[in-house]
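Starting from the given sequences, assemble the full structure and let the hints guide the process.
Number of protein chains: 2
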Amino acid sequence: MSVIHPVILCGGSGTRLWPVSRKAVPKPFLPLVSEETLFQQAVRRVAGDGGFAPPMVVAGAAHADLIMAQWGDTPGARLVIEPAAKNTAPAIALAAALLPEDAVMLVCPSDHHIADTDAFRAAAYAAAALAREDYLVSFGIAADRPETGYGYLRRGEPLPGGYAIREFVEKPDLARAEAYLASGEYSWNGGIFAFRAGHLLAELAAHRPEMARLVAEAVAGGSTEGACFHPAPGPFAAIDGDSIDYAVMENTARAAMVPADMGWSDIGNWAALADALAGEADGAGNVARGAADLAGCSGVFAMTDGPRISAVGLSDICIIVANGEVLVTTRDGAQAVGKLPGALNQ
Amino acid sequence: MSVIHPVILCGGSGTRLWPVSRKAVPKPFLPLVSEETLFQQAVRRVAGDGGFAPPMVVAGAAHADLIMAQWGDTPGARLVIEPAAKNTAPAIALAAALLPEDAVMLVCPSDHHIADTDAFRAAAYAAAALAREDYLVSFGIAADRPETGYGYLRRGEPLPGGYAIREFVEKPDLARAEAYLASGEYSWNGGIFAFRAGHLLAELAAHRPEMARLVAEAVAGGSTEGACFHPAPGPFAAIDGDSIDYAVMENTARAAMVPADMGWSDIGNWAALADALAGEADGAGNVARGAADLAGCSGVFAMTDGPRISAVGLSDICIIVANGEVLVTTRDGAQAVGKLPGALNQ
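Line order of the protein sequences matches chains X and C.
The numbers in the working numbering rise by one with no breaks, and the one at position 330 of the first sequence is 330.
The numbers in the working numbering rise by one with no breaks, and the one at position 118 of the second sequence is 118.
By construction, these hints were calculated from the structure, which means they are not laboratory data.
A couple of the hints might just be wrong.
Same chains, same names: a pair is fine if it fits in one copy or spans any two.
Below, simulated SDA-like cross-link-like pairs (lysine to any residue); rule was C-alpha separation at most 25 Å, straight line [what the hints assert, rightly or not]:
| # | residue 1 | residue 2 |
| --- | --- | --- |
| 1 | 171 | 85 |
| 2 | 339 | 299 |
| 3 | 339 | 315 |
| 4 | 339 | 70 |
| 5 | 23 | 293 |
| 6 | 339 | 119 |
| 7 | 339 | 15 |
Listed below in structure tokens is the structure:
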């Protein structure tokens, strides 16, 4: 069995984790859940197992130095530097064009947390097996709450190790999310994919021919410099960017999913990070990172890079002190942190 | 009519306003409500009116420099430096012993806020008139809520400009506080007093003879140095300290009160300061001092000495950033701030 080629995407600004996450050092490159950064965890998740080739990372030039510093001793790792941010479809197509036609690529975001590496790998092997049969495979993340912030995948007929995708569903309202959860037919669309590289490019050419043409031009006119590949900026800049879901997954006749119950979180906001760290909570459900005195508090998440946090009587509040900024938000308010002046005007 | 002699007490540690208030610069010496400090407001409240003599300030040595810097151009102001903190009765007795026997003294805490200076002065003149008749007079602060953090005064028979005090009540529980408020017979005991100096000393000698004797010794053995008077430390240190309420007011047959409705607050905690600043609130009841972005918040008090505060979705929360510390508390929790490790271990 041939190896799986990990493709790690480092796009996204992650302003909802401001003031820790900033433009210069965004979310993937921060040690949020453990002492390793989310990017380092993504790299390690596909290392030390004979089933995976060295990773190919796709990122903007601004983060190239961070990436090469953080991947450390990862022999054979490559970095594809996007000349512009064009969403996931062009980023994935770049990687596909640089891989052998029959390579199975496993596309992973770099800013998610996955607690159960074994479950992740098992799902990856199942997805790769379907990808070799020219399915375009999405991980269907086991939903454990009626989340309204994610897209959902609805299962269709069974396939070996997975299911056909019967329907892609946009972020639902709460009533529909609750119905999805109750039905057991729906999973979250977590943005993790497996494709045969040549097949992905063929599907892209069918559904987004102009994008496929410009990616091919950018690769043909690109240049290699050590571990880095620089696509030609002209054609890449001309691409009308789109997500892989919109550009390909929702248009193909061969969309499939593998179920994945692996302690996944997109760490999409401070409340999500608090949940991912619930194992560290005290008896009242408080989680503290750094110096914090929490008196009469419950469900508080307190994180500081220096100044002490003192809190009294709070419930379900996140307090973040970082980079000279102080953020205090309810769990519900955490979704809106990216719209604060501090997060917007960096 | 002879003038009133203001005696301004600067005791108390004010740890409930930590981290702004600290041992080195406690509450009276901070510009909490306006650009003036509470102490400066206390001095100005009894200045510029021919009815008041220059103030006599009683304080510990640690704050002597702050006091003399903050009283600025106040001709004739004197500072009595307590050799030790012994609560209010010895502090007031020191001042009484330094004043002429027939002087009417007006004892004022230095860490309260009074919005209506005219009402304060009117109450002071009424209290002074009763004090000249050898009543021991307490200001009865108009109660506007069932506060459980204060002592109460119950009105007795009418006197000219005031009432005899029928009963002193310790901090009540909520049910009793609500009954007091409904009855209209009760006022808050705000710690503002008027006495004829010689009468106060005579009453102290009757009810706390040892304390009176030691205060007299400390004054007799004391020394003057410019505007400062230093009581003899030996006798003063031997005093068994007590409050003026316990030592004298609750024991005398001549306790009286004058009603005072003057926008009073003891600024006893962060919620009280927020209330005192309610006039500055935005449409949602938020008050901000310093850089603060409050999104979807109501009833939030945010105060910072530098770092920006960003908040989302909070209700009735106080956020204080000062001196490298970050405090977040509910309004109810504000009473407990003084027990936080940061406030205790300064």
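Practice item. Can you give me the call for residue 339 and residue 315, within, between, both or neither, at a CA distance of at most 25 Å? Key: both (23 Å within a copy, 19 Å between copies)
Exercise for review: Could you place residue 23 and residue 293 in one of the four classes (within, between, both, neither) given a Cα distance threshold of 25 Å?
Suggested key: between (30 Å within a copy, 20 Å between copies)
Point to revise | Intra/inter-copy verdict for residue 339 and residue 119 if alpha-carbon distance must be at most 25 Å | key: Answer is neither; intra-copy 35 Å and inter-copy 47 Å both fail.
Point to revise | Within, between, both or neither: residue 171, residue 85 at alpha-carbon 25 Å | key: Within. Shortest intra-copy distance 23 Å satisfies the 25 Å Cα cut-off; inter-copy 64 Å does not.
Review point. Given a CA cutoff of 25 Å, do residue 339 and residue 15 count as a within-copy pair, a between-copy pair, both, or neither?
Key: Intra 8 Å, inter 36 Å, cutoff 25 Å: intra-copy only.
Point to revise | Within, between, both or neither, where residue 339 and residue 70 count as close if Cα-Cα is 25 Å or less | key: neither (29 Å within a copy, 43 Å between copies)
Practice item. Give the relationship of residue 339 and residue 299 under a CA distance limit of 25 Å: within one copy only, between copies only, both, or neither. Key: So residue 339 and residue 299 pass the 25 Å test inside a copy (24 Å) and across (21 Å) alike.
In terms of the numbered hints stated before, the structure departs from hints 4, 6, listed from lowest to highest.
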